Amino acid sequence: MRIVAIEKAYLGVAVVLLAACLGALLYATTQRNIHLPGHAGDVDPAAVAVTPPFDHPGVRRTGPASYEAVIVARTWYFTPSEIRVPVGAEVTFIATSGDVIHGFYVAGTRVNAMLIPGQVTRLVYTFPVRGEYLLVCHEYCGVGHHTMSGKVIVE
Amino acid sequence: MNATTVMNPAGFEMPEAHRRLLRWTIYIGYAALVAGVFHGLAQALAYAKVDILKFFPGLRGYYQGLTAHGVANVLTFTFAFANGFLPLLTARALGRQLRAGLLWATFATLLLGNLLTIYAVTTNRASVLFTAYAPLQAHWTFYAGLALVVVSTWIAFANMALTLRGWRREHQGERTPLLAHISVASYGMWVLASLPVAVLFLAFLLPWSLGLVARTDPLLDRTLFWFTGHPIVYAWLLPAYVSWYALIPRQVNGKVLSDSLARITFILFLLLSIPTGIHHQYTDPGISQGIKTVHLIMTFAVVLPSFATAFSVMAALEIGGRARGGTGLLGWIKKLPWDDPSVTAQLLAMITFVFGGMTGLVNASYVMDQVVHNTTWLPGHFHMTVGSAVALTFMGIAYWLIPYLTGRGLWSRGLALASSWIYTIGVLVFARGMISAGLAGMPRRIFRVAATYDNPAWDLGGKLTAIGGTLMFFGIMMFFVDIGMTIVAGRRGDQPKDIPVSETLHPAAAGGWERRLDRLGWWAVVAVLLILIAYAPFFLTYVPRFVSPGYRLF
Numbered sequence: 023m024r025i026v027a028i029e030k031a032y033l034g035v036a037v038v039l040l041a042a043c044l045g046a047l048l049y050a051t052t053q054r055n056i057h058l059p060g061h062a063g064d065v066d067p068a069a070v071a072v073t074p075p076f077d078h079p080g081v082r083r084t085g086p087a088s089y090e091a092v093i094v095a096r097t098w099y100f101t102p103s104e105i106r107v108p109v110g111a112e113v114t115f116i117a118t119s120g121d122v123i124h125g126f127y128v129a130g131t132r133v134n135a136m137l138i139p140g141q142v143t144r145l146v147y148t149f150p151v152r153g154e155y156l157l158v159c160h161e162y163c164g165v166g167h168h169t170m171s172g173k174v175i176v177e
Numbered sequence: 003m004n005a006t007t008v009m010n011p012a013g014f015e016m017p018e019a020h021r022r023l024l025r026w027t028i029y030i031g032y033a034a035l036v037a038g039v040f041h042g043l044a045q046a047l048a049y050a051k052v053d054i055l056k057f058f059p060g061l062r063g064y065y066q067g068l069t070a071h072g073v074a075n076v077l078t079f080t081f082a083f084a085n086g087f088l089p090l091l092t093a094r095a096l097g098r099q100l101r102a103g104l105l106w107a108t109f110a111t112l113l114l115g116n117l118l119t120i121y122a123v124t125t126n127r128a129s130v131l132f133t134a135y136a137p138l139q140a141h142w143t144f145y146a147g148l149a150l151v152v153v154s155t156w157i158a159f160a161n162m163a164l165t166l167r168g169w170r171r172e173h174q175g176e177r178t179p180l181l182a183h184i185s186v187a188s189y190g191m192w193v194l195a196s197l198p199v200a201v202l203f204l205a206f207l208l209p210w211s212l213g214l215v216a217r218t219d220p221l222l223d224r225t226l227f228w229f230t231g232h233p234i235v236y237a238w239l240l241p242a243y244v245s246w247y248a249l250i251p252r253q254v255n256g257k258v259l260s261d262s263l264a265r266i267t268f269i270l271f272l273l274l275s276i277p278t279g280i281h282h283q284y285t286d287p288g289i290s291q292g293i294k295t296v297h298l299i300m301t302f303a304v305v306l307p308s309f310a311t312a313f314s315v316m317a318a319l320e321i322g323g324r325a326r327g328g329t330g331l332l333g334w335i336k337k338l339p340w341d342d343p344s345v346t347a348q349l350l351a352m353i354t355f356v357f358g359g360m361t362g363l364v365n366a367s368y369v370m371d372q373v374v375h376n377t378t379w380l381p382g383h384f385h386m387t388v389g390s391a392v393a394l395t396f397m398g399i400a401y402w403l404i405p406y407l408t409g410r411g412l413w414s415r416g417l418a419l420a421s422s423w424i425y426t427i428g429v430l431v432f433a434r435g436m437i438s439a440g441l442a443g444m445p446r447r448i449f450r451v452a453a454t455y456d457n458p459a460w461d462l463g464g465k466l467t468a469i470g471g472t473l474m475f476f477g478i479m480m481f482f483v484d485i486g487m488t489i490v491a492g493r494r495g496d497q498p499k500d501i502p503v504s505e506t507l508h509p510a511a512a513g514g515w516e517r518r519l520d521r522l523g524w525w526a527v528v529a530v531l532l533i534l535i536a537y538a539p540f541f542l543t544y545v546p547r548f549v550s551p552g553y554r555l556f
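Chains A and B, in that order, are what the protein sequence lines are.
Oh and the first sequence: position 1 is 23 in the numbering used here, straight run, nothing missing.
Oh and the second sequence: position 431 is 433 in the numbering used here, straight run, nothing missing.
Keep in mind that the hints were calculated from the coordinates and are not lab data.
No experiment lies behind these values; they were computed from the predicted model shown.
Treat each hint with caution, since some may be false.
To be verified - In silico DSSO-like pairs for lysine-lysine, Cα to Cα no more than 27 Å straight-line:
{"id": "1", "chain 1": "B", "residue 1": "K51", "chain 2": "A", "residue 2": "K173"}
{"id": "2", "chain 1": "B", "residue 1": "K499", "chain 2": "B", "residue 2": "K257"}
{"id": "3", "chain 1": "B", "residue 1": "K465", "chain 2": "B", "residue 2": "K51"}
{"id": "4", "chain 1": "B", "residue 1": "K499", "chain 2": "B", "residue 2": "K337"}
{"id": "5", "chain 1": "B", "residue 1": "K257", "chain 2": "B", "residue 2": "K336"}
{"id": "6", "chain 1": "B", "residue 1": "K257", "chain 2": "A", "residue 2": "K30"}
{"id": "7", "chain 1": "B", "residue 1": "K337", "chain 2": "B", "residue 2": "K257"}
{"id": "8", "chain 1": "B", "residue 1": "K465", "chain 2": "B", "residue 2": "K56"}
{"id": "9", "chain 1": "B", "residue 1": "K465", "chain 2": "A", "residue 2": "K173"}
As the list claims (entries may be wrong) - Beta-carbon label-pair distances, calculated as ranges:
{"id": "10", "chain 1": "A", "residue 1": "E104", "chain 2": "B", "residue 2": "V528", "range": "38 to 44 Å"}
{"id": "11", "chain 1": "B", "residue 1": "V201", "chain 2": "A", "residue 2": "A71", "range": "32 to 38 Å"}
{"id": "12", "chain 1": "B", "residue 1": "R326", "chain 2": "A", "residue 2": "P150", "range": "52 to 58 Å"}
{"id": "13", "chain 1": "B", "residue 1": "T124", "chain 2": "A", "residue 2": "A71", "range": "34 to 40 Å"}
{"id": "14", "chain 1": "B", "residue 1": "S290", "chain 2": "A", "residue 2": "G34", "range": "29 to 35 Å"}
{"id": "15", "chain 1": "B", "residue 1": "P339", "chain 2": "A", "residue 2": "A46", "range": "50 to 56 Å"}
Cβ coordinates follow ideal geometry from the N, Cα and C atoms, glycine included.
Generate coordinates for the entire structure from the input sequences, incorporating the hints supplied.
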């Protein structure tokens, strides 16, 4: 049957296409160092204020071109709400939530993660372009959700 | 021969008492669809900074309405419809009656579940959105109500499975009719997939909301939610696929391409739909990248049966178009019965689903998901899957199903056709708006009218969202008028006398390896093994942390 042959060829093309997409993803992960948040420790949300590093939220220089930004999210604000980092520096975001689930998203970048009570979120990113970026909570967290934002200033 | 069982409904007449129960079960679904889109309209307009919420009496906030929209349109609508539709197809395919007691139980459980949920949502005690992420805490009636909705799907499935078992006992050595096989496989997948959310609601969130336990583990809850939460989208989609595979060919004078291929496709959905849920949690902390990668690969694998569906359904349509006099490479498309609203709605659903599928692959690709996760890209995507492939198909089915069940002809064919086209144009404009604004970084699930931040780059996308959403709303309202008028004023006796069950070009083999396709119980065991491979690494290594009290911030 001709149609069966066409179908086999079609499914073959589909398999190759999916395998190519998958290959590109694995390349991005293993060769281009684009990682997802994973295990980065845990923290008691009730004790966030007294647990290092969250007892001192803020930006710290950790090397010649590397910075660490420690952030605590609560309804409905980030601490600190303004993060200043130099362009081209490797920034490690370390963040958690003190109450409900919040989002952590620097609009227009791949700095995009969830902050889940009890879990520490860790994400590394290098800003290639100067400017002021919107930091926004992008997971529903109650009536004030749309007022929860901050900014990242890359200078 | 099962071919005679399928094709010839002689001797099978569904009693009016059964029809009435199926009808009312399905009415709950369409009522939920219509109720839910009012806030859908408000949300679409809010993205263009137009606030119509003040005209909604009794509504206490945007997120209360957003909860209602999600619960009504993706939970109640989809499952109420499937609870009526799939058992009906199973009974018809097997020429065997369902159990009236279980039909009653399905309807009553669904109704009670909805009443509890409606109470929780309308009194603003459950504005936690349909995802119900803890530690936001809803009133216990919300979790209990949704759990009852899930239980109603189990009862509907039990009715189907018992009917199939009875048939197989009396027809030993025969192949299960295709329509029954794919209907039971679809709901069987869902029943398996629904167990984690049942555990989440009954073992964790319900006792927590009642104060029996003080704290819960938000990451564990989220993982249980998405354990069910990805296969749930296939549970919405598969009844539409059943129609596309097994009913639409008849409606366009075509034939099902291949019996075996159709069965294999549904078995692949049974196997691969569930071990994929963590792709909704790519950006979650506490889950290793290795587990996320396993789910990525599984998610890519489950694309294959959808590719196969695209081929099979197109082939069936082409057979039909050519039988109706179509010639040339694409001339058959013109010859399809575009004047039949049931067909047109479903053809348009298929077209929008092409874009829904493609954007879904982007979400599954975790590097790209990091750019679009929780932006308006996501609602742009899923309004082209559940919001059109599923919703438009269920509306298209209504144009023969409601007449079939009520004994009244469709009130207006023209209104139905207009509804389908307006809705389709609307959803494409809407999705274009949401997707472009999402790529520019607009978060989803925000009340943009009152947001303390904004970006002019979101304006065009927001306006397109509002325009498209308005068209979608009017499309649904036209559907509502047409179906409502059919129920009360359709011409008696003007209804289709039978369900459009299709013939098959390559029918079921009487013997050989294909017989094994009918052993759905065995395939379910394989599905459980794949689920264990995908989820055991998480559940065996994760130490639950019950750290969160409930928050009621609404």
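Verification of the supplied hints:
1. B:K51 x A:K173: holds (22 Å)
2. B:K499 x B:K257: Given pair B:K499, B:K257 holds - Cα atoms ~20 Å apart, limit 27 Å.
3. B:K465 x B:K51: holds (9 Å)
4. B:K499 x B:K337: holds (25 Å)
5. B:K257 x B:K336: holds (18 Å)
6. B:K257 x A:K30: Roughly 19 Å separates the two Cα atoms, so the pair holds.
7. B:K337 x B:K257: holds (15 Å)
8. B:K465 x B:K56: The given pair, whose Cα atoms are some 20 Å apart, holds under the 27 Å limit.
9. B:K465 x A:K173: With Cα atoms ~25 Å apart, B:K465 and A:K173 stay inside 27 Å; holds.
10. A:E104 x B:V528: 38 to 44 Å: Given range 38 to 44 Å: violated, Cβ gap about 53 Å.
11. B:V201 x A:A71: 32 to 38 Å: Once the Cβ atoms are compared, 33 Å apart, the range 32 to 38 Å for A:A71 and B:V201 holds.
12. B:R326 x A:P150: 52 to 58 Å: At 57 Å between Cβs, range holds.
13. B:T124 x A:A71: 34 to 40 Å: holds (38 Å)
14. B:S290 x A:G34: 29 to 35 Å: With a Cβ separation near 33 Å, B:S290 and A:G34 satisfy 29 to 35 Å, so the hint holds.
15. B:P339 x A:A46: 50 to 56 Å: This hint is violated: roughly 42 Å between Cβ atoms.
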